[in-house]
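Asker: Each chain, letter by letter, is given below.
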Amino acid sequence: MNANTVQPQRKAVVLLSGGLDSMLAAKVIQDQGIHVEGINFYTGFCVEGHTHAIRKQDQNKNKRNNALWVAETLGIKLHIIDIVEEYKDIVYNPKHGYGANLNPCLDCKVFMVGKAKEWMDENGFDFIVTGEVMGQRPKSQRKHTFPIIARESGAEDRLLRPLCAKLMMPSLPEREGWVDREKLHDFSGRSRSPQIALARALGIEEWAQPAGGCCFLTDENYSAKLADLWQFRGEKRYELDDIMLLKVGRHLRPRPHFKLIISREEGEGLFMEGYRYMFAHMQTASHMGAFALIDGKLEEGDLELAAQILGRYSKAEPGEALTVEVGGLPGGVSKLVTVPAFGPQDMQPEWQV
Amino acid sequence: MAHYELDARRLLCPMPVIRTQNRIKELEAGDTLDVIATDPGVKADIPAWCRVHGHSVEAIRDLPERREIVVTVRVAG
Numbered sequence: 001m002n003a004n005t006v007q008p009q010r011k012a013v014v015l016l017s018g019g020l021d022s023m024l025a026a027k028v029i030q031d032q033g034i035h036v037e038g039i040n041f042y043t044g045f046c047v048e049g050h051t052h053a054i055r056k057q058d059q060n061k062n063k064r065n066n067a068l069w070v071a072e073t074l075g076i077k078l079h080i081i082d083i084v085e086e087y088k089d090i091v092y093n094p095k096h097g098y099g100a101n102l103n104p105c106l107d108c109k110v111f112m113v114g115k116a117k118e119w120m121d122e123n124g125f126d127f128i129v130t131g132e133v134m135g136q137r138p139k140s141q142r143k144h145t146f147p148i149i150a151r152e153s154g155a156e157d158r159l160l161r162p163l164c165a166k167l168m169m170p171s172l173p174e175r176e177g178w179v180d181r182e183k184l185h186d187f188s189g190r191s192r193s194p195q196i197a198l199a200r201a202l203g204i205e206e207w208a209q210p211a212g213g214c215c216f217l218t219d220e221n222y223s224a225k226l227a228d229l230w231q232f233r234g235e236k237r238y239e240l241d242d243i244m245l246l247k248v249g250r251h252l253r254p255r256p257h258f259k260l261i262i263s264r265e266e267g268e269g270l271f272m273e274g275y276r277y278m279f280a281h282m283q284t285a286s287h288m289g290a291f292a293l294i295d296g297k298l299e300e301g302d303l304e305l306a307a308q309i310l311g312r313y314s315k316a317e318p319g320e321a322l323t324v325e326v327g328g329l330p331g332g333v334s335k336l337v338t339v340p341a342f343g344p345q346d347m348q349p350e351w352q353v
Numbered sequence: 001m002a003h004y005e006l007d008a009r010r011l012l013c014p015m016p017v018i019r020t021q022n023r024i025k026e027l028e029a030g031d032t033l034d035v036i037a038t039d040p041g042v043k044a045d046i047p048a049w050c051r052v053h054g055h056s057v058e059a060i061r062d063l064p065e066r067r068e069i070v071v072t073v074r075v076a077g
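Taken in order, these protein sequences are the chains called A and B.
Straight run, no breaks: the first sequence in our numbering ends on number 353.
Straight run, no breaks: the second sequence in our numbering ends on number 77.
The set of hints was computed from the structure by calculation and includes no laboratory data.
Hints are all accurate, no fakes.
Restricting the straight-line Cα-Cα distance to at most 27 angstroms, the calculated cross-link-like pairs of lysine-lysine (DSS-like) are: (1) A/K77 / B/K25; (2) A/K117 / A/K183; (3) B/K25 / A/K117.
Looking at chain A on its own, in the form it has when it is part of the complex (with noise of 0.2 angstroms):
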């Protein structure tokens, strides 16, 4: 190679969760001359933001969206992009299955390094960047499946994990010498201390700490929701309004073939009052109460047991008499329903979804 000859800088798209690894996967890469890039991939599951902007007690937390954040610390772009619609057939048909819950964590990670590598060609990067640290997560990040995921995405050597890169065979940027191997790292297991004390030497002092991880579907009883939206549905099937209103409220089914969202404070029913125009829907109107959506199809007595339901959650006592509003029942009726509400005793604990 003639000494003279200027080599290109080379360039990096990295997958910015907002999380620490991924943050330090970043900064690990730049520091090495690396020109990079972010891509964060919305499937409508993911825990940033939406329920902040929702419950009124959250109303005042940091509504910051912590990718954008990572990348405006590390002085990168940052591209949003929306997966809602593709990612469904990955929640549907999981190819390698679901994790605890309804996770589909390695074909998740198969499907958004499959992306990166699209976003890559398109836009005339070198190679991708992840934050996996070999053996962490049960399902995606482990020695044998790290293979599964360069393949399956068609990304193969052009993936790199700074973090754990050293206990791999070495991948393409790193063979053609477009990163120093020396400086990536070996980290393994589930413990933190590593990435803590990586961030402490890069000069990195704040991160964010999302509990319980960045997607919904690895939450119990969010999964618990959604399998009950499929079961009544009789087919696996969203959009992403239902996904939306399986993190608000609460979920009640009293019958099989209906479901009351109920909200539960002030900031949910302003939230779930947007829906009126698709569900029919109760307020109480004699006492001060919660606003309900009704999913599903009321048949004879229903109507009279949702509201009773309803009053549970006013400020009747039990057996007083209630009037609730009910309104977008077919043909776009209103009407107003009078029952004795109900009290704790009365409420079932299988209507619990």
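Got chain A sorted already, so can you dock chain B onto it with the hints?
Answerer: Only chain B this time, still in chain A's reference frame:
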């Protein structure tokens, strides 16, 4: 230079940011875009996205009577 509007009402973050990002790709340098949203998260997220991409936020207006927020973005050159 032209002025445009983007309706991002009823969308929760990051969807308003994604819609803003995708719309701005179609605009010219110096154009302005009013993003009309209902999620208060846009007050933090759209400015953050603009900062990492070099665009500028010219104004953020709260319209409480309509429960809306309007973020005005000027596209960078």
